[in-house]
Amino acid sequence: MASDALLLGLFLVVLLVLVAALALGHRVAFRIAARNVRRGKWRTVLIVFGLLVGTAIISGSFVIQDTVAAVDVHFTYQAYGFTDEAIYNDSVAQGSAPYAFFPSSVFSAIANRTATESLIAGTTPELVDSGSVYDRTSGVPEAGVTVIGVNASAGAVLGDFTYDNGTTTPGPLPGEVLLDDTLAGNLGASTGDEVVLYGATAVPLVVQGIVRDDTRGGFLGGNTAFVTLPTSQAFANETGHLNFVAVTNVGSLTAGVAHTGAVMSFLNTTLDDLGRPAGLQAVALLQNNLNAAISSAATTATLFLVLGLFSILAGTLLIVGIFVTLAEERKGEMGMLRAVGLNRRGLVYIFFFEGTIYAALAALAGTALGVVIGYVLLLVDTRLFAAQSAQVSAALFASFTVSGVSLLTAYVLGFLLAVVTIAATSARVSRLNIVRAIRSIPEPPPARRVYTYLAYLGALLVALGGLLFAATRSGTGDISYPLIGLAFVIVGGALVAARFVRDRYAFSAAGILLIAWGGTVDIHRALLGSSHTGTIFAVFVEGIEMVLGGVLLFVFNSDLLVAGISRLVGRHGRAVPVVRIGLSYPRRRPMRSAVNFTVFAMVIFTVVLIAAYGNGVSTSVARSVTAESGGYTFFGYSTGSIPDLAGDVANNSTLASQISVAVPVTYGTVASAPSGWPSPFYDAIYAPAVGADPAENFYTTNSYNFTATWHGLSAAAVWAEVASNDSVAVVDGNWAPGSSTILSGAHPTVALGGTVPLENPATHARSNVTVIGYMDQEFLTGFWVSPSAAAALGYSNFQGSLFKVAAGASTSDAAVDLKRAFFPYGLQLYNFAEILQQSVQSLESAIGLLEIFVSLGLAVGIAGMGIVALRAVTERRTQIGMLRAEGFTRGMILGSFLLEYSYVTLFGIAVGTGLALWLYYNATTGNPGGQFGTFAVPVATIATTVLVAYLLTLAAIAGPSWKAATLPPAEAVRYTE
Amino acid sequence: MASDVVVAGEDVWKVYGAGETEVRALAGLNVAIRRGEIVAVMGPSGSGKTTFLNCFSGLDDITRGKVTLDGVDIHHLPDRKKSEFRARKMGFVFQSYNLLPVFSAVENVELPLLISGVAAPEARERARAVLGELGLADREHHRPSELSGGQQQRVSLARALVARPSIVWADEPTGNLDEEGATQVTALLRSLNREYHQTMVVVTHDASVAAACDRTLKMHDGRLVPS
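Quick mapping for you: the protein sequence lines, in order, are chains A and B.
Using our numbering, the first residue of the first sequence is number 1, and each one after it goes up by one.
Using our numbering, the first residue of the second sequence is number 1, and each one after it goes up by one.
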């Protein structure tokens with residue numbers, strides 16, 4: 001990191017030295033540039049504000065990355081503490097333990113060897129298992145608890161546990177148990193409570209204390225009971241055995257990991273020397289998880305940065321707009337400078353030096369603003385997530401991190417972006433005709449030869465785009481490349497066509513084609529097939545193409561649009577001259593309007609697309625509660641088989657009134673071998689019991705639906721077939737071809753009527769099932785078969801269950817009572833609605849943050865409008881004076897200004913909104929049931945965004961517009977710049 | 001006859017600043033412009049010619065005194081009424097033409113009518129007629145940048161006349177024109193005055209323009225001086 005900073009710093013210094021050298025060589029140009037900067041304080045502020053947005057977006061992304069990485073790293077250290085490396089065998093789970101057991105003598109052999117290694121501070125024998133805990137004092141059970149056995153002496157290397165009152169203990173005492181904060185909270189436990197740990201055996205213990213979820217008590221993520229090693233061995237019924245060795249490197253909590261490379265090498269050699277007893281492996285536990293944490297943070301930052309690209313691009317356009325406006329404003333001066341002998345290069349240098357000064361200031365302010373943005377976003381984030389995890393929120397807020405390298409990188413990137421844009425724009429705006437510039441004569445329309453040059457450029461674009469498209473249109477590569485390729489062909493084609501037909505026809509056609517190509521999934525599939533992969537960058541490419549299309553349509557049809565609006569307003573009344581004046585400027589000067597139009601369209605496009613995505617997925621998930629649950633409230637999983645679930649519920653007076661339906665489900669794991677899938681695919685198998693009571697027969701009463709069935713069978717017919725035919729099955733939605741849900745990741749598919757071989761991985765019992773329906777749910781993934789079909793595969797347990805809570809009964813009370821009643825079986829419950837709701841909340845929080853982040857781009861549009869409006873007041877001063885002399889009231893002047901900027905803003909907003917909804921509509925209808933959710937217009941979000949964007953724009957132009965309206969006519973009419 | 005007076009100013013003062021920096025741009029002017037007159041206002045730079053035009057037309061406020069136009073005390077009108085009054089009763093011609101560059105000639109000319117609330121088709125018809133009278137029928141769809149200085153000033157004149165105002169105020173109408181253009185515009189002003197009995201006040205430096213007028217008001221240090 002330090003070397004990165006050094007390189008960046010060096011690069012910046014070289015860049016500044018180059019600019020300084022140029023300034024020394026062109027002192028007159030530099031002096032004029034410096035004077036121009038000081039010419040108007042407010043103008044300089046506005047320009048700097050316009051230029052800083054891009055840098056702020058970059059800087060904000062980096063701050064988020066730094067902080068998210070810091071949080072992830074914080075939790076990684078909390079979860080692994082001083083366990084830098086670990087030795088275990090996780091290839092074979094044993095009972096409820098995640099790792100295979102091995103004799104204590106193996107640990108002794110390892111410990112003897114590691115004692116000689118100076119980089120290892122110590123090794124700790126542990127036993128890691130899972131089970132249930134029942135607090136006899138509070139009466140609350142908890143299943144799915146991690147039970148860790150560790151010696152009291154472990155504190156020497158792993159550190160002491162810290163009680164909630166701040167005192168410490170080296171470890172659990174015999175006959176006692178330490179509960180971490182999470183587990184104690186779940187159990188409602190206090191020090192001194194009597195608890196029973198249920199595993200292979202039941203072990204009664206007394207709570208020694210409640211310990212903090214810190215680097216010791218939060219080991220392996222929390223919800224943990226710490227006991228002595230002998231107690232855990234009794235719990236697991238594995239006397240004299242262990243299954244985990246924690247290795248601690250020398251150095252502090254954070255410094256020890258630096259030795260991981262050398263220690264891992266040593267451990268592997270040791271294990272090899274010992275003959276790899278019990279299949280043990282050395283794992284760089286802390287290092288691997290730290291890497292994963294940093295990678296995850298980088299992914300988050302990339303998402304923000306790519307979505308921020310729209311705003312960065314908008315910022316770049318604004319820079320172009322600002323300098324074009326400055327050039328127009330100074331045209332007379334520039335003509336004079338050329339007339340008195342300054343060559344064109346001199347003009348370029350004036351603009352370049354001036355722009356570089358602005359860029360240096362803006363990059364500095366933008367970097368600082370990005371830090372503020374990052375802080376505010378994380379502040380909002382902590383508020384949003386507070387209800388879900390106070391611990392995460394606190395850590396996030398406490399871990400606000402800004403690294404020097406990130407700040408320097410943001411500054412250099414922002415500065416470079418502005419300087420390069422300014423250099424290119426300066427070269428363009430410095431080309432002028434001296435006489436026309438001095439006398440303020442408008443530039444003539446482009447000569448035919450210009451169209452000829454553009455046609456050559458177009459032909460080049462067609463050739464390059466065609467090559468890119470041809471090379472990437474097939475295969476499984478990134479879809480962005482063929483998308484860009486054909487867009488080049490379309491734009492190039494328009495440039496060539498403009499040489500022969502009117503601009504309007506050529507570029508309107510290109511606009512329509514770009515919108516269609518960018519946003520229509522069916523066209524992509526028709527020309528590219530369905531094999532390409534897509535990333536968030538592809539969405540950026542699609543967005544840019546569609547917005548470019550919209551801009552072309554707007555610019556080259558602006559006169560028709562204005563004529564239409566004028567007709568709408570009518571041909572009578574005093575509004576007519578206001579409309580005429582207000583709409584004439586954007587119509588006659590379309591390129592200036594186009595910049596602001598593009599900025600608004602792009603930013604609103606991103607905001608609406610993100611909002612639509614969030615809304616669509618939320619709607620989809622909300623709608624799917626019924627679909628996912630099949631009408632049930634809980635899915636239960638127990639470590640032991642419950643032999644008479646329905647009877648137990650019926651005979652329990654509390655449960656009988658709370659639970660209306662209880663369905664025992666045979667549950668297991670199968671290795672499937674779907675056609676075309678390279679390796680066995682492990683999935684679950686469910687076989688709900690038919691039951692004696694017809695009212696509770698799963699196969700006739702469940703409300704699970706199907707997205708498709710074999711030969712169009714009805715849902716009832718499909719379930720009847722499953723109940724009666726051992727050779728058929730239905731599968732969750734992930735198995736349907738074309739499904740690409742967020743949850744599924746890489747997933748095999750099977751055709752309706754297709755046969756899938758299934759195998760019990762434990763007993764190797766095999767059978768084939770024919771799939772006759774895709775369920776409209778993806779929560780309980782796997783194959784749903786009859787109980788006899790499951791029995792053929794060796795599964796006849798009742799470890800699964802489905803419960804329906806009676807009308808009027810409390811879901812939470814029912815959950816507690818069910819867990820209490822079936823505690824001996826280790827029953828864990830999953831509430832369908834709650835789980836789906838949590839996922840919606842998380843998604844909505846993330847979407848909300850992204851919306852806020854990309855909305856920052858609106859600042860570009862608003863700044864742009866402010867600058868243009870300010871310039872317009874100066875530029876049109878005499879015209880305003882003339883209008884006032886002719887009888888325009890102040891209100892009419894104000895109205896015409898507001899109308900002019902409203903026209904550009906509202907059309908930009910409308911086009912951005914329309915295109916985003918079009919893209920999202922295509923994405924959802926092109927991938928039904930897929931990751932994009934269900935198409936639904938986020939009316940409230942769009943209305944708020946539009947209103948806020950418009951009101952802020954009005955606020956930005958209100959000052960200049962009012963200034964224009966209140967110009968004293970006598971002064972204005974004779975004004976000379 | 002009182003009704004013959006279009007514009008009357010009584011003891012009109014316009015004072016800028018105060019104390020040592022006080023400048024008396026108009027110092028107690030008493031002026032009456034009769035209907036159908038074409039009056040030149042002449043004087044050296046800084047004598048108050050343009051201030052005269054601005055204050056008597058209501059473009060600028062006066063410090064003291066009274067200005068009536070068709071009997072209406074224009075400086076006691078609120079801004080909105082004053083604007084509407086200008087739209088109905090006055091036309092303006094300026095040295096730098098002040099045409100809207102984004103409008104064509106005919107669009108520029110019809111604007112005062114639209115401001116007055118005349119229906120768009122009628123406004124267009126009347127604008128075209130005036131342009132035709134001023135010899136610009138073939139230039140009506142040209143934008144100002146596509147017209148010569150003389151043509152632009154004629155469009156400006158057409159715009160001033162199209163609403164048949166009570167008075168046209170012209171501020172250095174030939175100031176930006178070459179000799180030929182200036183002669184043409186002067187002749188045009190005179191002929192319009194004669195043909196339509198259009199009252200005109202022309203602020204000018206040009207003696208030939210003043211010579212074409214019915215009478216000349218000479219100004220010096222904000223006061224009228226004998227010719």
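Worth flagging that the hints you see were computed from the coordinates, not collected in a lab.
Ideal placement from N, C-alpha and C gives every residue a C-beta, glycine not left out.
Wrong hints could be hidden among the right ones.
[Said to hold, decoys possible] Label-pair restraints from in silico Cβ distances:
hint	chain 1	residue 1	chain 2	residue 2	range
1	A	959	B	44	37 to 43 Å
2	A	503	B	71	42 to 48 Å
3	A	950	B	61	53 to 59 Å
4	B	61	A	959	20 to 26 Å
5	A	950	B	10	46 to 52 Å
6	A	950	B	23	44 to 50 Å
7	B	61	A	954	27 to 33 Å
[Stated by the list, open to error] Mimicking SDA-like on lysine to any residue, the simulated pairs with C-alpha atoms at most 20 Å apart in a straight line are:
hint	chain 1	residue 1	chain 2	residue 2
8	B	218	B	21
9	B	81	A	265
10	A	331	B	61
11	A	804	A	575
12	B	81	A	653
13	A	331	B	10
14	A	963	B	61
15	A	804	A	653
16	A	963	A	910
Hint check results:
1. A:959 <-> B:44: 37 to 43 Å: Holds, at about 39 Å.
2. A:503 <-> B:71: 42 to 48 Å: violated (55 Å)
3. A:950 <-> B:61: 53 to 59 Å: Violated, since residue 950 (chain A) and residue 61 (chain B) (Cβ atoms, about 36 Å apart) do not stay within the stated range.
4. B:61 <-> A:959: 20 to 26 Å: Check passed, 24 Å falls within 20 to 26 Å.
5. A:950 <-> B:10: 46 to 52 Å: holds (50 Å)
6. A:950 <-> B:23: 44 to 50 Å: holds (46 Å)
7. B:61 <-> A:954: 27 to 33 Å: holds (30 Å)
8. B:218 <-> B:21: violated (25 Å)
9. B:81 <-> A:265: violated (93 Å)
10. A:331 <-> B:61: violated (34 Å)
11. A:804 <-> A:575: violated (65 Å)
12. B:81 <-> A:653: Measuring from Cα to Cα gives roughly 87 Å; hence the hint is violated.
13. A:331 <-> B:10: Violated, because 45 Å separates the two Cα atoms, which is more than 20 Å.
14. A:963 <-> B:61: holds (18 Å)
15. A:804 <-> A:653: Satisfied, since the Cα-Cα distance of roughly 16 Å is no more than 20 Å.
16. A:963 <-> A:910: Outside the cut-off at roughly 28 Å; violated.
In this structure, the earlier hints numbered 2, 3, 8, 9, 10, 11, 12, 13, 16 are contradicted, and the remaining ones agree with it.
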